[in-house]
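Residue numbers (this note's numbering), protein chains in the order written: chain A, 1 to 236; chain B, 1 to 406.
Taking lysine-lysine pairs in the DSS-like style, the calculated list, with each CA pair at most 30 Å apart, reads: (1) A/Lys78 / B/Lys307; (2) A/Lys137 / B/Lys307; (3) A/Lys78 / B/Lys393; (4) A/Lys75 / B/Lys2; (5) A/Lys142 / B/Lys2; (6) A/Lys118 / B/Lys307; (7) B/Lys2 / A/Lys137; (8) A/Lys130 / A/Lys118; (9) A/Lys163 / A/Lys137; (10) A/Lys117 / B/Lys307; (11) A/Lys142 / B/Lys307; (12) A/Lys58 / B/Lys307; (13) A/Lys163 / B/Lys2; (14) B/Lys307 / A/Lys75; (15) A/Lys137 / A/Lys191; (16) B/Lys307 / A/Lys163; (17) B/Lys2 / A/Lys130; (18) B/Lys393 / A/Lys58; (19) A/Lys118 / A/Lys163; (20) A/Lys117 / A/Lys137; (21) A/Lys117 / A/Lys191; (22) B/Lys2 / A/Lys78; (23) B/Lys393 / A/Lys75; (24) A/Lys118 / B/Lys2; (25) B/Lys307 / A/Lys63; (26) B/Lys2 / A/Lys117; (27) B/Lys307 / B/Lys393; (28) A/Lys163 / A/Lys78; (29) B/Lys393 / A/Lys142; (30) B/Lys393 / A/Lys63; (31) A/Lys118 / A/Lys191; (32) A/Lys58 / A/Lys75.
Think of the hints as simulated: they come from the structure by calculation, not from any bench.
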Amino acid sequence: MALVRTENLSKVYNPDTVPVHALRDVSVTIEPGEFTSIVGPSGSGKTTLLNMIGGLDKPSSGKVFINGTDITGMKDSKLIDFRLRNIGFVFQHYNLIPVFTARENISFIMLLQNRDKKEMLSRADELLDKVGLGDRKDARPKEMSGGQQQRVAVARALASEPKFILADEPTANLDSSSAMNLLDIMSRMNKEQNVTFVFSTHDQRVIDRARRVITMVDGAVDSDERRENGNDNEKE
Amino acid sequence: MKTLITIAWRNIWRHPARSGVLLAAVVVGLWAGVVTVGTVNGLMQQRVDYLIDSEIAHAQIHHPEFLAEGYSWLFIPDHEGILDWLDADPRVTAWSARTMTDGMLQSPIKTSGVRIRGIDIQQETGTTDFHENMVDGEYLDSDVRNAVIVGRSLASDHNLRIGNRLVLVFEDVNNELTSGSFNIVGFFESASTEFDDRNVYVRSGDFSRYLADELIVHEIAMRFSEPEMAATVVGDINSAFSGVEAQTWRELSPELNVLVELGDVMLYVITMIIMMALAFGILNTMLMALFERMREIGMLLSIGMSKARVFSMILLESVILTLSGALTGIILAWLSVLYLAENGINLEQFAAGVAELGWDHIIYPIISFPEYAGIVVLVIVITLLSSVYPAIKAIRINPLEAARDA
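My request is simple: use the sequences and hints to build the entire structure.
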């Protein structure tokens, strides 16, 4: 069964005044373990598509299935719980809780899942080690660089053990070396733990590392290219 | 819950200045509110105590028409029978039989309308502490014949000195205009200038001689072992004796009742003003905090924090912030009231003005536990009510805010 499947997904903003077609009949399928990048110029609909897949926005028509479950008609409260248990999010602006430390930011999402406290803390520490921030456990977001914050955000997304992770322009605010470092971590997680990543980007460095590149133009899928060695370019 | 409290607490201190200002406003508002409530209570209680202790006592007996008419022939029939009854009742701790009527005070320079109060010194001293109001000269226990004491303000109006004579003109029990010459032995000054201007005191024995052939009594003031007994004892007297009317201090001084009620209204208004200021303060602070955190709350909703939890988080922030301020304010107010109840608030600067109104110039604030509890409950309710709107706004934030560009 496909992990993510969209069926003739369309989104029209301001349908009654000045209609803006953000998505037109988009049907894509994402399988477990993919490392997929959605690319395209600004306004091409890549973020809208990502928001639809993440259940953050509702389509005007069409359907989104996650692991076979149709999320398009789900009530808000059910959808929030669905996201908590199935989808990890990484945002362009990191969006960590500023009053929490790195460790607390990661534990928080597990707390929302009502997990055991001891398990939460050990998993948070383990994830911080994996993203190379084992020594910054007690740092608050403002004490960390953008790259470090985004790595905490990736750890947070992984902490809830989601079916897949959606990352909206994850490297847009990072310098080159931080961006590469983040990509290394993401592709390692993908290879070693089979974590599925779907990210929107127009950063060529990210596109080069993807194993599948879906290109969007004017709200529609323009091309869907699969590559054999996309994320094997990790720097050793 | 513990994490929600932690996150709420840390969010509060994200902007120490802003939260500090609200906290200070709550502390000062609560402190001022409680002290004001206590002061108004103290003023009212003082007035009630003063009137009971110095003039009215707990209850009085009159001829049913005497209070309205004030004529000397409206005296209490068979006052001795009543006094015997009072002596036999253990609830009655003291009484004072007064002979009184309305009349005129004539001095060489002018004439004033006054109530002439004839008292028995021993009975009066046991029933009221009016004698404590003496400021100059002797009390009525003087050896001087036909002694009279007058209010200092009235004396100064008439340019009267101790040792001067004045003439009191009144009607006797036969409706005949009578007058007597009285010698000033002393001046009194009660808390009310108005009372001082309209009352003079003589001995009931001296005064009765002018009014009738025997000792007559127009008013019996009584004190009971417990003030709350007043209504019961008054009821018993009214059923035991006909031709007289006994009344409690509340019935005798309806203006005092009105004043006490007015005090309650004032307290209500003051409390409401403080609570409204509090409500708008919370609303303003929480909305500001919310608008700054749209993206963050959008993120929380995106990653799976339930709306109930977001709602509780916002509510907790204002509850924790306000309650810590309210608690501090109440403790400060409690300490202030404790100190002021002992030492009093001295209004000497305005004493002339407050005396006109019948107040003493030192006020001892009083505030009861239910009043403290009421204020705390009101603060909690107001806090919750004024936090509901920001909390509702928070859960309506679109999760997409998380992805929005700055």
